[in-house]
Amino acid sequence: AQSVTQPDIHITVSEGASLELRCNYSYGATPYLFWYVQSPGQGLQLLLKYFSGDTLVQGIKGFEAEFKRSQSSFNLRKPSVHWSDAAEYFCAVAREKTSYDKVIFGPGTSLSVIP
Amino acid sequence: SQTIHQWPATLVQPVGSPLSLECTVEGTSNPNLYWYRQAAGRGLQLLFYSVGIGQISSEVPQNLSASRPQDRQFILSSKKLLLSDSGFYLCAWSVHSTSGRSEQFFGPGTRLTVL
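So the protein lines, in turn, are chains R and Z. In this text, residue positions in the first sequence follow our numbering: the first is 1, and each later residue adds one. In this text, residue positions in the second sequence follow our numbering: the first is 116, and each later residue adds one.
None of these hints come from the bench; they were simulated from the model. Each residue gets a CB set at the ideal place from its N, CA and C atoms; glycine is no exception. Mixed in with the good hints, there may be bad ones.
Stated by the list, open to error - Pairs of lysine to any residue, SDA-like flavour, derived with a Cα cap of 20 Å:
#1 Lys102/R <-> Leu161/Z
#2 Lys102/R <-> Ser182/Z
#3 Lys102/R <-> Gln188/Z
As the list claims (entries may be wrong) - Chain Z is nowhere near these chain R residues, computed Cβ spacing over 10 Å in every case:
#4 Thr12
#5 Val13
#6 Gly16
#7 Leu19
#8 Glu20
#9 Gln42
#10 Asp54
#11 Thr55
#12 Val57
#13 Gln58
#14 Glu64
#15 Glu66
#16 Lys68
#17 Arg69
#18 Gly108
The following block holds chain R by itself, in its conformation from the complex (with noise of 0.2 Å):
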């Protein structure tokens, strides 16, 4: 069964340092792997997304994320964390030719940022 580990539960960096958040799955096949950001009583909205190609994958607001087949990883990283990057961070996974779009999500990451 697919599934999804994000073995950082909760993370703290300065602002202006990098970052990364860690991302595993296990599934047999090619995945489709998303990273959703949610702020503190909202929604999720979709940072980046990866199904084929280009192993690393650039999204909005300044994140990226690089797919390692050979780790079953999906780690996302942004070179500078600004204050307003402080959220909560979902990695998912899709199964591809299901009859619906059933994502996976991992129990999410908490980033805090210290000014």
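Following the hints, complete the assembly by docking chain Z onto the known chain R.
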């Protein structure tokens, strides 16, 4: 452009009372629709999904039910709320696709507190 609405934004209900949460999508036709619950400090749990009018699938057994009376309307209901029904309820939609390549777009959520 497409938009998704949820109401109410917040709700406080006594145990044993009924529930009705509504979600509507604008700007698209025949979307897949989803209801998720997010308990405090936890990830997203898929409750129901729908690939068409009157077609509802449940992911987990629970005290809740869902209906889709119109193409772009998705309703989450309960006859008698339990304390454990408290949480943040998110509605989402995606383009109807069998490829798994379309991302989900989330509404702003409803915060439900059962007392």
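- prompt: For this structure, which hints from the list above don't hold up?
  reply: Numbers 9 and 18, in rising order.
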